[in-house]
Amino acid sequence: MKIAITADRKGDGAQVDPRFGRAKYFAVCDTDSGECEYVDNAQNLNAMQGAGVQAAAAVAHTGAEVVITGNCGPKAFASLGQSGIKVVVGASGGVAEVLETFKRGEYEYADQSNVEGHW
Amino acid sequence: MILAVASGKGGTGKTTVATGLALAMASRGHRVQFLDCDVEEPNAAILLKPGMERSRRVASMVPKIDTAKCTLCGKCSDFCRFNALVTFPDRVDVFPELCHACRGCVLACPENAISEARVEIGTIEEGKAGDIRFAHGLLDIGQARATPILGALRAAIDPQRDVVLDAPPGTSCPFVETARMADACVLVTEPTPFGLYDLGLAVDALRGMDIAFSVAINRCDLGDDRVERYCREEGIDVVLRIQNDVDIAKAYSEGRPITDLGEGYSKMLYEMFERVSGGSPAR
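Same order as they appear, the protein sequences are chains B and L.
Counting from 1, one number per residue, gives the positions in the first sequence under the numbering used here.
Counting from 120, one number per residue, gives the positions in the second sequence under the numbering used here.
A hint or two may mislead.
[As the list claims (entries may be wrong)] Here are some, though not all, of the chain L residues that point toward chain B, as calculated from beta-carbon distances under 8 Å: (1) Phe198; (2) Asn202; (3) Ala203; (4) Thr206; (5) Asp212; (6) Phe214; (7) Leu217.
[Claimed, not checked] Quick list of in silico lysine to aspartate or glutamate cross-link-like pairs, EDC-like style, CA-CA up to 20 Å: (8) B:Lys86 <-> L:Asp209; (9) B:Lys86 <-> B:Glu116; (10) B:Lys86 <-> L:Asp259; (11) B:Lys2 <-> B:Asp32; (12) B:Lys2 <-> B:Glu116; (13) B:Lys103 <-> B:Glu116; (14) B:Lys10 <-> B:Asp30; (15) B:Lys86 <-> B:Asp111; (16) B:Lys2 <-> L:Asp209.
No lab work stands behind these hints: they were computed from the structure.
C-beta atoms are modelled at their ideal positions from N, C-alpha and C, and glycine is treated no differently.
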């Protein structure tokens, strides 16, 4: 399966970007092969409003089934849920470690957003 | 003449100047109309105390997607810079609270799948404060788009009267929409770094729109002289200087206009009007 991890940069050394809607990149990782493709989120990063829902759509278009991030607001959370995408909040550290932690099944899915809109 | 009293920075004394000006003009025989265009926080009614005669609801449009026709091509959401439409792999979500009612999505859709739904966003109230015709807009709580209400206020302008517009603070869409109604604009500022910075933004905006403007400096004896210097260097006419006066603040806190403090302020404000209107005859 594919999972999307918010990332502060591309490639090796990428850390979890604590923001979902205005994350710099989404690392879209294949849990079988361990390979990650980085999707640039610059367009939403600079959006004056609605960054969270556009980011949710961008993730949905990648085919990812799970989002792992630091914080997720209510609109983005609802849009991801409607697309059948599960959300993990409160993640931090390196993207590679996060992928391993996920594969070990150590994350719990959030049942609601953890920050207000415009956080 | 239609005169907008505006400011980049909030809290500089816009409403104090605008209401005082309207009263000063009315007391000198002008037929005056006052429009409070700060529809997010209208407060001129507290000072002018109009009796309201009628009110009406104001509606705007939001896109409505015909899912039978929509092919999920994404052209509508690509077009919408406000992200009010978002195309997912299986659906298009509409976020009415982000929509600015530009209708661009309706035009962008190649399938004719978007129609216009009406949504009520606020109210216009009209009445009379003495001889002054008064109107203000009230944006509904939770609504973010002020401009359709300003459009409704614009339609209420009485061409037989001199009009004072109390503009919303800042330099974003509601300010631009208000300034566009005016023949001229007075920017109220204060001699502080924030006052100067936000004045600069408002000046840039008005120059871009080619609207005549001048500056009023409130609490002119406080702060520093950088606003004065800026106006001198930019060739901007300073048409009013009000000294810091605790009685003005006191009157304001009691809901009384500045003209209640005596003929001095009324005269000062009327002279400002004469200066910006170039002595145009009273309507």
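Consistency of the hints with the structure:
no.	hint	verdict
1	Phe198	13 Å, violated
2	Asn202	2 Å, holds
3	Ala203	7 Å, holds
4	Thr206	6 Å, holds
5	Asp212	6 Å, holds
6	Phe214	6 Å, holds
7	Leu217	5 Å, holds
8	B:Lys86 <-> L:Asp209	17 Å, holds
9	B:Lys86 <-> B:Glu116	18 Å, holds
10	B:Lys86 <-> L:Asp259	35 Å, violated
11	B:Lys2 <-> B:Asp32	9 Å, holds
12	B:Lys2 <-> B:Glu116	27 Å, violated
13	B:Lys103 <-> B:Glu116	29 Å, violated
14	B:Lys10 <-> B:Asp30	16 Å, holds
15	B:Lys86 <-> B:Asp111	9 Å, holds
16	B:Lys2 <-> L:Asp209	18 Å, holds
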